[in-house]
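Two independent chains are provided; combine them into the complex using the hints.
Protein chains in written order, with the UniProt record's numbering: chain P, 1 to 589; chain R, 1 to 223.
Mixed in with the good hints there might be a few duds.
When the alpha-carbon atoms are kept at most 30 angstroms apart in a straight line, the in silico DSSO-like pairs for lysine-lysine are as follows [to be verified]:
1. P:K257 / P:K134
2. R:K61 / R:K48
3. R:K198 / P:K574
4. R:K175 / P:K485
5. R:K211 / P:K523
6. R:K200 / P:K572
7. P:K415 / R:K161
8. R:K217 / P:K569
9. R:K161 / P:K511
10. R:K211 / P:K485
11. R:K61 / P:K580
12. R:K211 / P:K511
13. P:K93 / P:K153
14. R:K48 / P:K523
15. P:K511 / R:K200
16. P:K184 / P:K270
17. R:K48 / P:K574
18. P:K412 / R:K169
19. R:K200 / P:K550
20. R:K61 / P:K499
Hints in this document: simulated from the structure, not taken from any laboratory.
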Amino acid sequence: MSANDILDVLNISRDDNQPAKKKQKTSTPTDNGKPLTGMARELYNLVGPNTPPINLSSSNYISNKGKQNRQFRPSPWSKVNFTPGKHRNIQLKHWVKGSEELLKQENESDEKKEYFFEKFNIKLDIPEFIDEEKYETYMNEFKDDFREEQFTKRKAERMRQLEEQKKQKKIEEKKEEEKRLEEKKEAEKQEEVKQDIKKEGETKQEENFLEEKKEEQKMGEKSVEPSVEPSKEPSEPVITEEEQRSEDEKIKEEVKKELVQFDWSYQETKELFNLCQIYELKWPTIHDRFPSNHRVEDLKEQFYRICVKILETEENKNQNLIDSLKAFSKPRELERKQYLENLLKRTPAEIAEEESLVIEARRFELAAKKMLLERSNLLTLLDSPQSTQNVSQYQSSQGISNLYNNLMIYDKHQKKKQAHQQKQEPIPPPIPLAASSSIRRDKVFQTNLQQYLASFLKQAHHTNPAIKQEANSIQQLLSKRLTQKEEEAYGLHYHGTEKLTPGVTLRSQQKLPGSNQRQSVLKSVSAVFQEMDLPTAGGTMWKPVMPTRKTMSKYDELLRSVVTMLDIKRAKDKLEAEIKLIKSQKGMQ
Amino acid sequence: MSSNSRRIKFISISVPILYGNHAIKLTPDKRKPTTPQDHTHEWTVFLKPVLGDIDLTPLIKKVTFKLHETYENPIRSIETPPYQVTETGWGEFEIIIKIHFHPGVDLGINEKNFQIFHGLKLHPYNPQHPKRENGEVHSILYDELVFNEPTDKVFEILTRKPCNLLPFKLSSENKRDQEYIRPDETDELNRLDVYIDKIKVEIENQRNQYKELEEAKISLINS
Numbered sequence: 001m002s003a004n005d006i007l008d009v010l011n012i013s014r015d016d017n018q019p020a021k022k023k024q025k026t027s028t029p030t031d032n033g034k035p036l037t038g039m040a041r042e043l044y045n046l047v048g049p050n051t052p053p054i055n056l057s058s059s060n061y062i063s064n065k066g067k068q069n070r071q072f073r074p075s076p077w078s079k080v081n082f083t084p085g086k087h088r089n090i091q092l093k094h095w096v097k098g099s100e101e102l103l104k105q106e107n108e109s110d111e112k113k114e115y116f117f118e119k120f121n122i123k124l125d126i127p128e129f130i131d132e133e134k135y136e137t138y139m140n141e142f143k144d145d146f147r148e149e150q151f152t153k154r155k156a157e158r159m160r161q162l163e164e165q166k167k168q169k170k171i172e173e174k175k176e177e178e179k180r181l182e183e184k185k186e187a188e189k190q191e192e193v194k195q196d197i198k199k200e201g202e203t204k205q206e207e208n209f210l211e212e213k214k215e216e217q218k219m220g221e222k223s224v225e226p227s228v229e230p231s232k233e234p235s236e237p238v239i240t241e242e243e244q245r246s247e248d249e250k251i252k253e254e255v256k257k258e259l260v261q262f263d264w265s266y267q268e269t270k271e272l273f274n275l276c277q278i279y280e281l282k283w284p285t286i287h288d289r290f291p292s293n294h295r296v297e298d299l300k301e302q303f304y305r306i307c308v309k310i311l312e313t314e315e316n317k318n319q320n321l322i323d324s325l326k327a328f329s330k331p332r333e334l335e336r337k338q339y340l341e342n343l344l345k346r347t348p349a350e351i352a353e354e355e356s357l358v359i360e361a362r363r364f365e366l367a368a369k370k371m372l373l374e375r376s377n378l379l380t381l382l383d384s385p386q387s388t389q390n391v392s393q394y395q396s397s398q399g400i401s402n403l404y405n406n407l408m409i410y411d412k413h414q415k416k417k418q419a420h421q422q423k424q425e426p427i428p429p430p431i432p433l434a435a436s437s438s439i440r441r442d443k444v445f446q447t448n449l450q451q452y453l454a455s456f457l458k459q460a461h462h463t464n465p466a467i468k469q470e471a472n473s474i475q476q477l478l479s480k481r482l483t484q485k486e487e488e489a490y491g492l493h494y495h496g497t498e499k500l501t502p503g504v505t506l507r508s509q510q511k512l513p514g515s516n517q518r519q520s521v522l523k524s525v526s527a528v529f530q531e532m533d534l535p536t537a538g539g540t541m542w543k544p545v546m547p548t549r550k551t552m553s554k555y556d557e558l559l560r561s562v563v564t565m566l567d568i569k570r571a572k573d574k575l576e577a578e579i580k581l582i583k584s585q586k587g588m589q
Numbered sequence: 001m002s003s004n005s006r007r008i009k010f011i012s013i014s015v016p017i018l019y020g021n022h023a024i025k026l027t028p029d030k031r032k033p034t035t036p037q038d039h040t041h042e043w044t045v046f047l048k049p050v051l052g053d054i055d056l057t058p059l060i061k062k063v064t065f066k067l068h069e070t071y072e073n074p075i076r077s078i079e080t081p082p083y084q085v086t087e088t089g090w091g092e093f094e095i096i097i098k099i100h101f102h103p104g105v106d107l108g109i110n111e112k113n114f115q116i117f118h119g120l121k122l123h124p125y126n127p128q129h130p131k132r133e134n135g136e137v138h139s140i141l142y143d144e145l146v147f148n149e150p151t152d153k154v155f156e157i158l159t160r161k162p163c164n165l166l167p168f169k170l171s172s173e174n175k176r177d178q179e180y181i182r183p184d185e186t187d188e189l190n191r192l193d194v195y196i197d198k199i200k201v202e203i204e205n206q207r208n209q210y211k212e213l214e215e216a217k218i219s220l221i222n223s
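Chain R on its own, in the form it takes in the complex (with noise of 0.2 angstroms):
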């Protein structure tokens, strides 16, 4: 065994990817004499590191997006950044995005290939983004790539640079729906403790109410 695959224990170390779709509507002057008669939409399916500047091809051969049966050729493969797939359609269904490490014992990363499954989205799905006139829909989501215990090598080309500087202000003002940024972490912690809270006061409530209980047992065996 190669010491590039030498594992680091106890360790794990992540990556901020976004992945999803754009998707818009298709308009009579962006058809193509080839595209389909029922196709209404438009879409993009992606997978990008959060940061710009993060190069991942050290790490990853290929991405793969796994489409609709009914597409012809419906495995495409993505050698190079940006990693996406663009095509029309009309019809949602689920995306398997693949991710391929570069194989091999000696290049020393040695993971197995990675799937992450996304729902194609054509039409707009949450009440809470901003509802565009064009009909653009954006369904992207934020997730992190963990490497647990990762490889010597993993861990040199993940630590080359820090990746998991998110940051703190949209790129602009309606990208609302297309970006992730601290703020929203720390939003969501705040919304989280708030449940927290509530249930702790349940919690309490219902701990009072056994004691009652308990004691209304007890004095009812007794007497």
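The shape of chain P in the complex, shown without the other chains (with noise of 0.2 angstroms):
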């Protein structure tokens, strides 16, 4: 439905003639059927005769079509002979563009010119393959390292055992002939172990591989037995030599069989070096195609320890190249594809589960990580106020609450400081060193205003058991546990036996104990304050700019000094008129 059809329903006529030219401007690709871009079919047509006076779809693209509309002219394409790569005798084929005389004149001027896709048809350098005898020598080799490392691990291994057995046999009975019987049962025992190891062993070999060749591989070993034989057993003067055959003889079964892991042949390895060439080292396909039933670690096995040896021969050899070779190890790649392989084939049960536990170990150590903030809160908490306070008091179960409560109170003008800290990483700040130490430690915990309060509070228990609800507000500040400064925040203070009148007072009008002088002192008093330019209310009434109870305690001691300065400088005066008195009654002036 368009917007002229709305208009129709509507009934009103519309003459299309009249917008502007703006207007036509933008509505002429519509009427060319084109369709405009930047605005759904639909939407453009509910516009209707009302085109906005922007310009919806981008003219770049209009005129790019009208010029390619208007100038198109084909170029010319040329079907070409071409031999792909120099040492190919086929012709082939191709479309280039260009007319067929520029190419032929290209080609008579650069005949050289190669194949423009030659470039990707690259060869891998693996090493030429050797010739047999070559091959047999490095897999005796081979099969030699093999055996040696074995052996000796194996020997180590099972002296381990047979201590462990002597000890036993030790416990057991001592009989000879049982002896031998137990032996015969280790032999057995040892028969298993050495089953569990081969299935164990790094080197999972099929056994039923290619059995014909195993026993040319078998004869071959026979012949490089002896050599090592001879060099192990003087190693083990414990044992007897006949067990220490037969020890060896085992061993060497076991490790024969798993010389398995070298029956390759060396057609089959040619076969091999065939095919990484082909398919350029891509295992997989090499795998594949590779007639035997061998694992792909199998074959890379094969396959860098042989090139190992071809380079280690060549004359200007890249260590780095052999250094990565050897690293391949085989035992270690299964593992890897092992736990590849059960890593996928976790069930959805499973996947969750894991989800599950690494949720809840976060969990942990963000509690862990909780805890350690708070403790190290506390124990600064803890460690900043260090008095010289005695311990004793806190060593009561009364005392132990009592520090508590100091801490809540504490901790609540610590809060907003935490609050600021923890929006911020969680960190837990280092545990200060003395903190452990000091968790005794506190600043005082009854002044003496508690304690007066609360001799009071007790006081008026005894006395009046009325008294509940008024007691409470002494009740409450004493379980705040104010400390000094508090105290002075709440303006209280603790006077002793001193006087006091009740009532109301100003601070600057309390009366300081050390005015309490005679008139004439105080004038003197308040000539030396003017002196020194001290300010004051005026008069003989003396205040501090900022009358507070240390400010007002403060001027009480400079006023009491000062009093005193003036009884001394009164004596001292006396004592002068004394002395002229004397001088010149004696008359020696």
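As structure tokens, this is what we get:
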């Protein structure tokens, strides 16, 4: 439904010729039946003749199209012969841009121009395979190395086992006959153990692979064996020679079985190298094409170790390459694959469980972090106010509860700070060194005021049990366990035995104890103050600028010292007068 | 006697307050038709706790300001905070600020009404205060209302909140002559300490002179 339809329905006629030129411009594409971009067709229809002043479609697009339509001239393409690669004798044809004449000219000008895609035809640099003789020697070397390695390894293992067995033997009966029986049993057991080891061993080799070749290999091995054997024997003095020999034999048998991994015929290996060359070391493909049922890792191992041998014989050998080749470890590779496989084979339930475990672990971590944070905060709290107070008062259970209350108050004060900090990453601050040892050290628990109030409260309860509500305020205050500073914050002060007149006064009008003097003295004090340019309230009224309890008492101190000074001065003056008198009496002047 | 009005002996509790006045010269546009021609200043006299969030209404029933008798209705009674009176005038005089505590034995406050005298200041009086171009004058004094041996009730009211927590910083740089902060107290203490030290040196000085004179006297007598 377009806008025109709507106008029809509403019976509104409209002169289509009317729209301004601007509008016509944009409406032309629709007239030509060209689709408009930037807007759905249906939507555009609804716009109708009321085309918006902005040009919806990109002008670029339209002009391009127009240009193309107007100036399109197909460029010439020609079919030309070519040879892919220089060494191939095939003639192929392909389409090339440009007229035939032009191409011919070009061809003539540089004939040697290579086929464009030739550069992608690369070959891997795989070492040339060696002849059979060399191969056999290499393989034998591998076998010897392996045998020796395994032999020493197993022997050590066996030794350990034997020692354990011996201990057992000692514990058991020592009769020879029984011993022999034991030995037989042990031997059997060992057989089992061997089996186990073989299963566990890094090299799980299919044993049924190429039986006849195995036979051949064994024949070859036997020739090497004797050279290994004698060197091993003297190293075991504890065990009898017979035992020793049989043990060694067993080990050798075992090792021999494992030598299966070296059951690679020359032909096979050649085939492997060939495949590697063809398939460019794409191991899955090679594995697929290889005729026997070796595993990929077996193929890799064989290829790499032979390569190492070959490369090592080369004159300018690339040590890095050799090292990287040597680094290949079949057991590790197998393990890795096993892991990957396990990872892939997880059931959804297992995955879910794993995830939940991870989440759980993270939660634990967070909790631990939080705990550490709190702990360190607590310790800093404990550490900050170190007083020289006696700890004995906290050794009772009540003392401990006092401590707790105090800490709670501190905690409140510190909460704001903590709130600030916790917005940031919750890294537990380092625990202060002295903190752990200073748990008991803390501030004054009961100031004089608190002690007084507590006793006051007690008294009140004794004398008037009806007072409860009122006492609560004191109780509440006491329960807050104020510190000296906090008492100041409340403006509380305990005057001890000082005499107080009940009622309200202004701090500045409180009588300073030091001002309890004769008028004449006060006058001279006033004079001194004025001399010192000390702010006063005027007359014999002295008050600090900011009369607080502290400034008032300081003021009092000043007043007293001035009075003292005046006293001494007066005495001195008197003495001076006396001396004068004496002098005049004695007629000295 | 109600238990409320029992007094807690040997302790005192105090509330810091500010009282005083602001004054500013009357500019023609500030004058109202009712303002007398000879009035030159507009001033406000007030009394308030130093901390804004301290509510003294449980204690204080009303505050009256006794102005100069020439004012119409010279005793102005303010029942709710802010306790202040704004007037115009031309002269300085002493205003009596009277705090009326809630009366009645059963309320338990049981304090006598209390007077504070404040000399109204219209002209700059302290050379240390910054001079303001608009002629603003502030005469604001810090003091503390001390309740000696408060009743239980007063004690209860005043310990609801710590009301002596003076700020450590001025709320604004140019309010130096209008606010009192904690460092002011420390400054004053230090200043007084300097004076005390001076006096002590002087005492020592005098004492030495006294001793010398005494010796001189003894030697004179003996000779």
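Problem set entry | Proposed proximity, K499 (chain P) with K61 (chain R) (alpha carbon, max 30 angstroms) | Roughly 29 angstroms between the alpha carbons, so the hint for K61 (chain R) and K499 (chain P) holds.
Exercise. Going straight from one Cα to the other, do K415 (chain P) and K161 (chain R) come out at no more than 30 angstroms?
Worked result: 18 angstroms, holds
Exercise. CA of K200 (chain R) to CA of K550 (chain P), is that 30 angstroms or under?
Worked result: Holds - the C-alpha atoms of K550 (chain P) and K200 (chain R) are around 20 angstroms apart, at most 30 angstroms.
Exercise. Straight-line Cα separation of K175 (chain R) and K485 (chain P) no greater than 30 angstroms?
Worked result: 27 angstroms, holds
For this session: Take a quick look at whether K217 (chain R) and K569 (chain P) sit within 30 angstroms of each other, Cα to Cα.
Result: Judged against 30 angstroms, a Cα distance of about 17 angstroms means the pair holds.
Exercise. Is K48 (chain R) close enough to K523 (chain P), meaning Cα to Cα at most 30 angstroms?
Worked result: Cα-Cα ~34 angstroms, so violated.
Exercise. Does the structure keep K211 (chain R) and K511 (chain P) at a Cα separation of 30 angstroms or less?
Worked result: 34 angstroms, violated
Problem set entry | Given pair status - K153 (chain P), K93 (chain P), alpha carbons within 30 angstroms | With Cα atoms ~66 angstroms apart, K93 (chain P) and K153 (chain P) exceed 30 angstroms; violated.
Exercise. Is the hinted pair K412 (chain P) and K169 (chain R) satisfied, with a Cα-Cα distance of at most 30 angstroms?
Worked result: 23 angstroms, holds
Exercise. Does the alpha-carbon distance linking K48 (chain R) and K574 (chain P) stay inside the 30 angstroms limit?
Worked result: Violated, because 52 angstroms separates the two Cα atoms, which is more than 30 angstroms.
For this session: Would you mind confirming whether the straight-line C-alpha gap from K211 (chain R) to K485 (chain P) stays at or under 30 angstroms?
Result: 45 angstroms, violated
Exercise. Does the alpha-carbon distance linking K200 (chain R) and K572 (chain P) stay inside the 30 angstroms limit?
Worked result: Since the Cα atoms of K200 (chain R) and K572 (chain P) sit roughly 16 angstroms apart, the hinted pair holds (cutoff 30 angstroms).
Hints 10, 11, 12, 13, 14, 16 and 17 from the list above are not met by this structure, while the remaining hints are.
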